[in-house]
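*Asks:* Those sequence lines, one after another, are chains A and B. Numbering follows the working numbering, in which position 7 of the first sequence is assigned residue number 7; successive positions increment by one, without gaps. Numbering follows the working numbering, in which position 265 of the second sequence is assigned residue number 265; successive positions increment by one, without gaps.
Check the hints yourself; a few may be wrong.
Just some of the chain B residues that point at chain A, by a computed CB distance under 8 Å [unchecked claim]: (1) His-56; (2) Asn-101; (3) Pro-102; (4) Pro-106; (5) Pro-337; (6) Gly-344; (7) His-347.
Here are the simulated BS3-like cross-link-like pairs (lysine-lysine), alpha carbons at most 30 Å apart as the crow flies [stated by the list, open to error]: (8) B:Lys-88 to B:Lys-368; (9) B:Lys-88 to B:Lys-107; (10) B:Lys-306 to A:Lys-2; (11) B:Lys-336 to A:Lys-2; (12) B:Lys-88 to B:Lys-336; (13) B:Lys-58 to B:Lys-306.
These aren't lab readings, by the way, just hints derived from the structure by calculation. The model shown is predicted, which means the values in this text are computed figures rather than measured ones. Quick reminder that beta carbons are idealized off the backbone N, C-alpha and C, glycines included.
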Amino acid sequence: MKVTVDMTLCEDHGQCAIAAPEVFRINDDGHLEYEGEPSDELEEYVEEAADVCPVQAILLGA
Amino acid sequence: MQAPGSTTIPALDVNAPDFSITSPEVHAAREESWYATTPYGIAVLRYEQVSRLLKHPKLRQGSVSWPAHHGVTEGPFAEWFASWILNKEGDEHHRLRRLMNPAFSPKLIGGLVPRFQALATELIDNFEQPGQCEFVSEFAEPYAARVIAIMLGIPEEEWPIIARESVTIGLALGVTIREDLPEIEAALKNLYAYCDDLIADRRANPREDFVTALVNAAHGDDARLSDTELRDAMVLLIFGGFDTTRNQLGLAMQTFAQNPDQWALLAEQPELGRAAVEEVMRVNPTVRWVTREVLEDFEYEGVELKAGTTLHLYTESAGTDPRVFEGGFDIAAERKPHYGFGGGAHHCLGHFVARSDMSEALPLLARKMRDLQLLPGSEWLPDSGNTGPMRLPIAFTPGN
Chain A
1 MKVTVDMTLC EDHGQCAIAA PEVFRINDDG HLEYEGEPSD ELEEYVEEAA
51 DVCPVQAILL GA
Chain B
1 MQAPGSTTIP ALDVNAPDFS ITSPEVHAAR EESWYATTPY GIAVLRYEQV
51 SRLLKHPKLR QGSVSWPAHH GVTEGPFAEW FASWILNKEG DEHHRLRRLM
101 NPAFSPKLIG GLVPRFQALA TELIDNFEQP GQCEFVSEFA EPYAARVIAI
151 MLGIPEEEWP IIARESVTIG LALGVTIRED LPEIEAALKN LYAYCDDLIA
201 DRRANPREDF VTALVNAAHG DDARLSDTEL RDAMVLLIFG GFDTTRNQLG
251 LAMQTFAQNP DQWALLAEQP ELGRAAVEEV MRVNPTVRWV TREVLEDFEY
301 EGVELKAGTT LHLYTESAGT DPRVFEGGFD IAAERKPHYG FGGGAHHCLG
351 HFVARSDMSE ALPLLARKMR DLQLLPGSEW LPDSGNTGPM RLPIAFTPGN
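In isolation and in its complexed conformation, chain A is listed as follows (with noise of 0.2 Å):
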């Protein structure tokens, strides 16, 4: 699946580092860094990312 962030939104809160570690996370300077691509297995996590971003920057494709 793919995996897209809108950057101009994003403010870094890491709501989606936290439902799926596996893709999403804050790096040491606090900002986001992301799988573009993740596996079609973490689909579940990877939703409940871009649900629960405060800014709603997550945009999924197939």
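Once you've looked at the hints, dock chain B against the given chain A.
*Replies:* Just chain B now, with coordinates in the frame of chain A:
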């Protein structure tokens, strides 16, 4: 604590009886320096630094020691307070958050919008006098409490229980926590019994609702929420969702009464409801400060922050920082995000609910209560910590 260069660091006496966190004094301090000293530690005043420190990995959520600072170290309240997801960090926090998040999903909340609208309409239509109301008791309080009843799937007419017990538990956030403790713990016991019944009922009779979602919460290898965790979380959400929403609605009326053209615009364009909530929370947030505590010594912008130091991040000061925001109150303007819901790992769990219920209520209020005028007789919480009106008499021209 010394900043580089010759700038003097302003000091704010936040415990003075007449201190106001939104005063010209605080705004002037913000122009001198990004922070001020206070009797608690430091106050962070500018948007950029509030944004950064809100999510800083060397800071933790800062209210965990509150009861202990006031001599409350054991017993039901201390135990409940320690159980708050807000007061957990690291893996334990993340597990609770993962399990609780789906119940607060925007998808689940979207389905409640028609009920929020019907509730707001009913309350406004039942004001005792035409063209006049005491906004807190006639709208903000029943609205906030009945939204929680709707979320929990309990009969809406039981809302006074939610309101009464939450107000009592709220005494724990005041400096008289120790003397109020027996009353606080009695209220806590009542809400525990209430939530235990609800949990047992949804285990036996699952529904498509919020409590069932929490009862069934599962995520990967995380252990499910225990009955105690469920109960503690539900009481926290009742308590945390009630007075914040009530206060924020009252503050919204205050702001709009000062900006009649914006109120008229909202009546004409109800689709601006969502933006109206954001704009109100930027300039007049109920959570006036967000608390953080330094975990380990570190230097930030030339300032040595020592472990254990309390930082208060001032939300209104950040939200009106002229470095980032043009002056004025404009619900149609594009703005950067405010921090009225906090931020980082502890970003308010209930924000989708709060945003949704307030963005339905405000346009209906704007349509049905035209030409707002605040009347004498209002009563206010102190302008620090969590603020808002306790009484807010308003005159208006009835709309349809």
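*Asks:* Identify whether the interface hint at B:Gly-344 stands, where standing means a beta carbon of chain A within less than 8 Å of its own.
*Replies:* holds (6 Å)
*Asks:* Hint check: B:Lys-58 vs B:Lys-306, CA-CA at most 30 Å. Holds or violated?
*Replies:* Roughly 11 Å between the alpha carbons, so the hint for B:Lys-58 and B:Lys-306 holds.
*Asks:* If you take the shortest Cβ to Cβ gap from B:Asn-101 to chain A, is it below 8 Å?
*Replies:* holds (5 Å)
*Asks:* Given B:His-347 was flagged as interface, is its beta-carbon under 8 Å from a beta-carbon of chain A?
*Replies:* Holds, because the Cβ-Cβ distance from B:His-347 to chain A comes to roughly 5 Å (cut-off 8 Å).
*Asks:* Is the straight-line distance between the alpha-carbon of B:Lys-88 and that of B:Lys-368 30 Å or less?
*Replies:* violated (43 Å)
*Asks:* Is it true that the CA of B:Lys-306 sits at most 30 Å from the CA of A:Lys-2?
*Replies:* violated (43 Å)
*Asks:* Check the hint pairing B:Lys-88 with B:Lys-336 against an upper bound of 30 Å on the C-alpha distance.
*Replies:* holds (29 Å)
*Asks:* Does the interface hint hold: is B:Pro-337 within less than 8 Å of chain A, judged Cβ to Cβ?
*Replies:* With Cβ-Cβ at 6 Å, under 8 Å, it holds.
*Asks:* B:His-56 was flagged as interface toward chain A. Is the shortest Cβ-Cβ separation under 8 Å?
*Replies:* Status holds, d = 7 Å.
*Asks:* Are B:Lys-88 and B:Lys-107 close enough, with their CA atoms no more than 30 Å apart?
*Replies:* holds (26 Å)
*Asks:* Against chain A, is B:Pro-106 within 8 Å by beta-carbon distance?
*Replies:* Hint holds; B:Pro-106 Cβ to chain A Cβ min 7 Å, cut 8 Å.
*Asks:* Hold the hint about B:Pro-102 up to the distance rule: shortest CB distance to chain A must be less than 8 Å.
*Replies:* holds (7 Å)
Of the numbered hints given earlier, the model fails hints 8 and 10; all others are met.
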